[in-house]
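Top line first, the protein sequences correspond to chains S and W.
Residues in the first sequence are numbered consecutively from 20, following this note's numbering.
Residues in the second sequence are numbered consecutively from 5, following this note's numbering.
Please keep in mind that the hints were generated in silico from the structure rather than gathered at the bench.
A quick note: this is a predicted structure, and the numbers were derived from the prediction, not measured.
Treat the hints with care, since some could be wrong.
Unchecked claim - Below, a list of computed lysine-lysine pairs in the DSBU-like style, where the Cα atoms sit at most 35 Å apart:
id: 1; chain 1: S; residue 1: 97; chain 2: W; residue 2: 15
id: 2; chain 1: S; residue 1: 240; chain 2: S; residue 2: 136
id: 3; chain 1: S; residue 1: 240; chain 2: W; residue 2: 45
id: 4; chain 1: S; residue 1: 136; chain 2: S; residue 2: 161
id: 5; chain 1: S; residue 1: 97; chain 2: S; residue 2: 136
id: 6; chain 1: W; residue 1: 45; chain 2: W; residue 2: 15
id: 7; chain 1: S; residue 1: 240; chain 2: W; residue 2: 15
id: 8; chain 1: S; residue 1: 57; chain 2: W; residue 2: 45
id: 9; chain 1: W; residue 1: 45; chain 2: S; residue 2: 161
id: 10; chain 1: S; residue 1: 240; chain 2: S; residue 2: 97
id: 11; chain 1: S; residue 1: 97; chain 2: S; residue 2: 161
id: 12; chain 1: S; residue 1: 240; chain 2: S; residue 2: 161
id: 13; chain 1: W; residue 1: 45; chain 2: S; residue 2: 97
id: 14; chain 1: S; residue 1: 57; chain 2: S; residue 2: 161
id: 15; chain 1: S; residue 1: 57; chain 2: S; residue 2: 97
id: 16; chain 1: S; residue 1: 240; chain 2: S; residue 2: 57
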Amino acid sequence: MTTRVGVVTFPGSLDDRDAQRAVRLAGAEPVALWHRDKDLHQVDAVVLPGGFSYGDYLRAGAISRFSPVMQSVIEQAKLGMPVLGICNGFQVLTESHLLPGAMLRNNHLHFICREQKLRVENAGTAWTRDYAAGQEIRIPLKNMDGRYTADARTIDELEAEGRVVFRYLDVNPNGSINDIAGITNAAGNVVGLMPHPEHAVEPLVGTGGTDGLGFFTSVLKQLVNA
Amino acid sequence: MARVVVDVMLKPEILDPQGQAVQRALPRLGFTGIADVRQGKRFELDVEGPVDDAALARIREAAETFLANTVIEDFTVRVEEAAK
Chain S
20 MTTRVGVVTF
30 PGSLDDRDAQ
40 RAVRLAGAEP
50 VALWHRDKDL
60 HQVDAVVLPG
70 GFSYGDYLRA
80 GAISRFSPVM
90 QSVIEQAKLG
100 MPVLGICNGF
110 QVLTESHLLP
120 GAMLRNNHLH
130 FICREQKLRV
140 ENAGTAWTRD
150 YAAGQEIRIP
160 LKNMDGRYTA
170 DARTIDELEA
180 EGRVVFRYLD
190 VNPNGSINDI
200 AGITNAAGNV
210 VGLMPHPEHA
220 VEPLVGTGGT
230 DGLGFFTSVL
240 KQLVNA
Chain W
5 MARVVVDVML
15 KPEILDPQGQ
25 AVQRALPRLG
35 FTGIADVRQG
45 KRFELDVEGP
55 VDDAALARIR
65 EAAETFLANT
75 VIEDFTVRVE
85 EAAK
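Based on the sequences and whatever the hints tell you, model everything.
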């Protein structure tokens, strides 16, 4: 049976098609999910893609978090379903309280769009098991509100439990605490990050790297072995 | 119709680069003597019916769960003088 990975489309999502394509290239079946539809259509995992859902009105991710589909995603994530939030998807995950902390405007106030070097700090999550801990990858980064923040206690907890999954290397592009680029929940099934693995899955497209494909092959393995 | 105002501000310990940019621009425009600027959001809610304790409690709940993200923001709720 083919593994089904849902990709949510919110009004203002931009990278849902790229995420679907990445899912397909990894060998799974992408399933388009609509923000107003509570039904998850029997998917085994969900990707919340990048973009500017609801125009980033109020706060990035703040309105999407209350959409019908998110009520089902939140429910299933708490039961262990793998969920990956990329960029705006990461913002939706923090607003949903599936991941701790919050995202703020980049400290230099500029929109950033470039290739970013990251270190995979935790290769034990549902979305990173095809990487090695300490591995360095390069994937695109493009955002305005990427400055991850949380109170000191939360940061200490994340660091102590190895829940910082990705860290920016060479340069911190937005002023995030401890160079944090991505984190996971305690169970390791929910992962959020600002850079875009779905844009780095084919040698002919984008920056030419395929360092992002491992996210999608990781979750396939996770689900097949589950 | 009664108006309730919800003010949302970044917590004091959170860096506000937008406020800093405004603060830096002020002296260039001749507005001197302003030591710090913090930028926030103001929501004006026109309430149907009486603004009693129950209505205010619901608005506080809306502010806490939706209008503000209490991880990074503080909010205040106040009733404004009768509008219109």
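Results for each hint:
1. 97/S <-> 15/W: holds, 29 Å
2. 240/S <-> 136/S: The hint holds at about 25 Å.
3. 240/S <-> 45/W: The hint is violated at about 45 Å.
4. 136/S <-> 161/S: Distance ~13 Å between residue 136/S and residue 161/S Cα, so the pair holds.
5. 97/S <-> 136/S: The hint holds at about 31 Å.
6. 45/W <-> 15/W: With Cα atoms ~12 Å apart, residue 45/W and residue 15/W stay inside 35 Å; holds.
7. 240/S <-> 15/W: violated, 42 Å
8. 57/S <-> 45/W: Answer holds: residue 57/S to residue 45/W is near 31 Å, not above 35 Å.
9. 45/W <-> 161/S: holds, 25 Å
10. 240/S <-> 97/S: Holds. Residue 240/S to residue 97/S sits at ~20 Å (cutoff 35 Å).
11. 97/S <-> 161/S: holds, 29 Å
12. 240/S <-> 161/S: holds, 28 Å
13. 45/W <-> 97/S: holds, 32 Å
14. 57/S <-> 161/S: holds, 29 Å
15. 57/S <-> 97/S: holds, 16 Å
16. 240/S <-> 57/S: Status holds; Cα separation ~26 Å.
Hint compliance for this structure: hints 3, 7 are not met, and every other hint is.
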